[in-house]
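Number of protein chains: 2
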Amino acid sequence: MSAEASDQVGGSGAGRSAHPVRRGPEVARRPTMVDVARHAGVSIKTVSRVINNEPNVQQQLIDRVLASVAELGFRRNHLARTLRSGQSTATIGLIIEDLANPFYSTIAAIAAEAAAQHETLLITASSEEDPQREQQLLRDLCSRRVDGLLVVPAGYDHSYLRPEVEMGTPVVFLDRPAGGLLADTVLLDNRGGAQAGVRRLVEHGHRRIGILLDSVAVYTMRERVGGAQEALAAAGIGYDERLVAEGVHDPDTAAAAVAGMLAADEPPTAFFSLNNRITVGVLQELWRRKSQVEVVGFDDFELSFLMPQRFTVVSYDTRQLARTAVDLLFQRIAGERSWPRTVTLPTTLVERGLS
Amino acid sequence: MSAEASDQVGGSGAGRSAHPVRRGPEVARRPTMVDVARHAGVSIKTVSRVINNEPNVQQQLIDRVLASVAELGFRRNHLARTLRSGQSTATIGLIIEDLANPFYSTIAAIAAEAAAQHETLLITASSEEDPQREQQLLRDLCSRRVDGLLVVPAGYDHSYLRPEVEMGTPVVFLDRPAGGLLADTVLLDNRGGAQAGVRRLVEHGHRRIGILLDSVAVYTMRERVGGAQEALAAAGIGYDERLVAEGVHDPDTAAAAVAGMLAADEPPTAFFSLNNRITVGVLQELWRRKSQVEVVGFDDFELSFLMPQRFTVVSYDTRQLARTAVDLLFQRIAGERSWPRTVTLPTTLVERGLS
DNA sequence: CCACCCCCTGACAACGTTGTATCGAAGGCC
DNA sequence: GGCCTTCGATACAACGTTGTCAGGGGGTGG
Chain L
13 MSAEASDQVG
23 GSGAGRSAHP
33 VRRGPEVARR
43 PTMVDVARHA
53 GVSIKTVSRV
63 INNEPNVQQQ
73 LIDRVLASVA
83 ELGFRRNHLA
93 RTLRSGQSTA
103 TIGLIIEDLA
113 NPFYSTIAAI
123 AAEAAAQHET
133 LLITASSEED
143 PQREQQLLRD
153 LCSRRVDGLL
163 VVPAGYDHSY
173 LRPEVEMGTP
183 VVFLDRPAGG
193 LLADTVLLDN
203 RGGAQAGVRR
213 LVEHGHRRIG
223 ILLDSVAVYT
233 MRERVGGAQE
243 ALAAAGIGYD
253 ERLVAEGVHD
263 PDTAAAAVAG
273 MLAADEPPTA
283 FFSLNNRITV
293 GVLQELWRRK
303 SQVEVVGFDD
313 FELSFLMPQR
323 FTVVSYDTRQ
333 LARTAVDLLF
343 QRIAGERSWP
353 RTVTLPTTLV
363 ERGLS
Chain A
13 MSAEASDQVG
23 GSGAGRSAHP
33 VRRGPEVARR
43 PTMVDVARHA
53 GVSIKTVSRV
63 INNEPNVQQQ
73 LIDRVLASVA
83 ELGFRRNHLA
93 RTLRSGQSTA
103 TIGLIIEDLA
113 NPFYSTIAAI
123 AAEAAAQHET
133 LLITASSEED
143 PQREQQLLRD
153 LCSRRVDGLL
163 VVPAGYDHSY
173 LRPEVEMGTP
183 VVFLDRPAGG
193 LLADTVLLDN
203 RGGAQAGVRR
213 LVEHGHRRIG
223 ILLDSVAVYT
233 MRERVGGAQE
243 ALAAAGIGYD
253 ERLVAEGVHD
263 PDTAAAAVAG
273 MLAADEPPTA
283 FFSLNNRITV
293 GVLQELWRRK
303 SQVEVVGFDD
313 FELSFLMPQR
323 FTVVSYDTRQ
333 LARTAVDLLF
343 QRIAGERSWP
353 RTVTLPTTLV
363 ERGLS
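Going down the list, the sequences are from chains L and A. If you count by the working numbering, then the first sequence holds residues 13 to 367, one letter each, in order. If you count by the working numbering, then the second sequence holds residues 13 to 367, one letter each, in order.
Treat the hints as calculated values from the structure; they're not laboratory data. There could be a bad hint or two in this list.
To be verified - According to the in silico footprint, chain L covers these stretches of chain A (three or more CB under 8 angstroms from chain L):
(1) 90–96
(2) 102–112
(3) 128–136
(4) 154–161
(5) 286–297
(6) 336–342
Beta carbons: idealized from backbone N, C-alpha and C, even for Gly.
Please construct the entire structure, taking both the sequences and the accompanying hints into account.
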């Protein structure tokens, strides 16, 4: 039926010279609603109505359209739909440091799950701690018109996101605060957790506590160091820089740092490590030495309960962190217009390791 | 300049009745190229040229356009761009079981990294082992016109993907083969790995080997069980169903299964566990009993080297698995048309645990 | 018998961008 | 000086979909 209109798409005039090649032996163009409409002998709008389950279409036509859809293998182009209707893209973006890190993959898993509940997909990207890359990724996501952004910030300045926020792309920051931008933020009580950890060691009589950390360039580390120092000061213990090792990036350097401190005069009688990678290295070295020096480490980790020595972790609920952030984000997406909130989640001390 | 054309977009006639509300006090519409063009006093195509760094634009106009872009906070709409030019969306999709599982998050990390190298973003989704959900997600991704798909299949039938593949959306399967669809596939040598693991135990003189597995409903488990049985048969050891525990889903049930087997007459002198969750449970129970029964487990895992007892893992390179799959996918996206390949990656036996 | 209304369907424009054709002006050559 | 080329910029259509409106047909009530 209506076999015309197959090539006179140009309309008015001089339509012949257009697309001299595109109509060639194209391997397999994706069928569009136009193709379906032609195949079913109905108008394109009727196809649209059937696809979208809109009312007021004869059952007979519905069947014909659905048959054509099945036969041609039609699949609605979600991009065109979004463009035309101005509706949401049903996509959110997540920027983290490194997907392979369990902390971040837990966040990603929660975000994906929540997204699925809102019939939304999740674009995940790793900034690799590079502010430049972070900015590039965020721009990219915005240009794809995501409905919202979850960001574990790597950079210090996020003011370039202000236009996006004002134009309706909500952003929620996790684990670290944003710089130069007022936005919802969900943090852990790094400072309080470190205070509690050191306080525990002080209560057990320790006066010489070795502190191992990665780098104070990262916000969380600064907070944790600050908390530890506050707890020491509150106990009247002075700062001894020989008991602080910075630049401990992995288990091996942690083990080396422990060995170095223990070999010194007046060695520490306890260690406070500021993340779980360091904790693993500390435990490994202490096990090697059959030493029973007491350990408190920030961050719990999988299988910590199977470590060969008793120790204490400053634990927190990563899933709750993520869930809180995602909930905030979807509230914003749903139209929430209240003043941005900052939520800080508590930490707890937990005993780990085989007795 | 050219201050007209601001409201006569309708053109021909009766343009007044359209959008009586949309032009209202809209909070903050995203600026488009039309807005930029108006602001800079040039045509929309000139804006397009500047944005895309196309030649043949006066420096003076370039500056004016860029200034307007900055002032209005314009960001190109990537969806519209894709729609018009028919180009790629610069997006790939990844379907896995569960992002929080380190095996899958490693795959996701590699995929994201490779995607970034191709200036592509990654949409990640978890099927939660539900074939229905998997199909829904794949449809969703296709309707967003992703350039390619990486799938750890949950279902048994993927023939519904054939139209998509034929219309140019390449699919690569990881870890498990697809059903009813010829496509690139990257697998681990589950069968060979299990054979090697059991053979090692047999060589150490064991004749009664307890085998613990989750469920044979999963392809990888079937392969591993098959390999184990082949190795036993090759050693002339008959099948004893009392030495096989199925339905071991987590460390706790694994521990219980171990306890049950050890309490029986003729207890096993060694265990072969078919995934790392089970291995952890086995080790935990053996440590509790101070038992030195030998253990071989499929899958290495983080901190396995810190487990309180020596054991052996069937190890493999998850990153290589992912890298191989992503490489295949991007070759397809680049236009590779060769016959689909299946790659099987080797496993190795590795000693783990503290001595 | 006519007016009216409801149900169904189709024509057309529009979303924001890019490809193509076109057009005016400037410049070089005969 | 006239013609051709090249540069710089514009107008217009098109990508695939949905919102709006108009129109045809049939039933119902006055």
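Open item on the list: Need the list of violated hint numbers for this structure, in ascending order.
Closed with: Violated: hint 6 alone.
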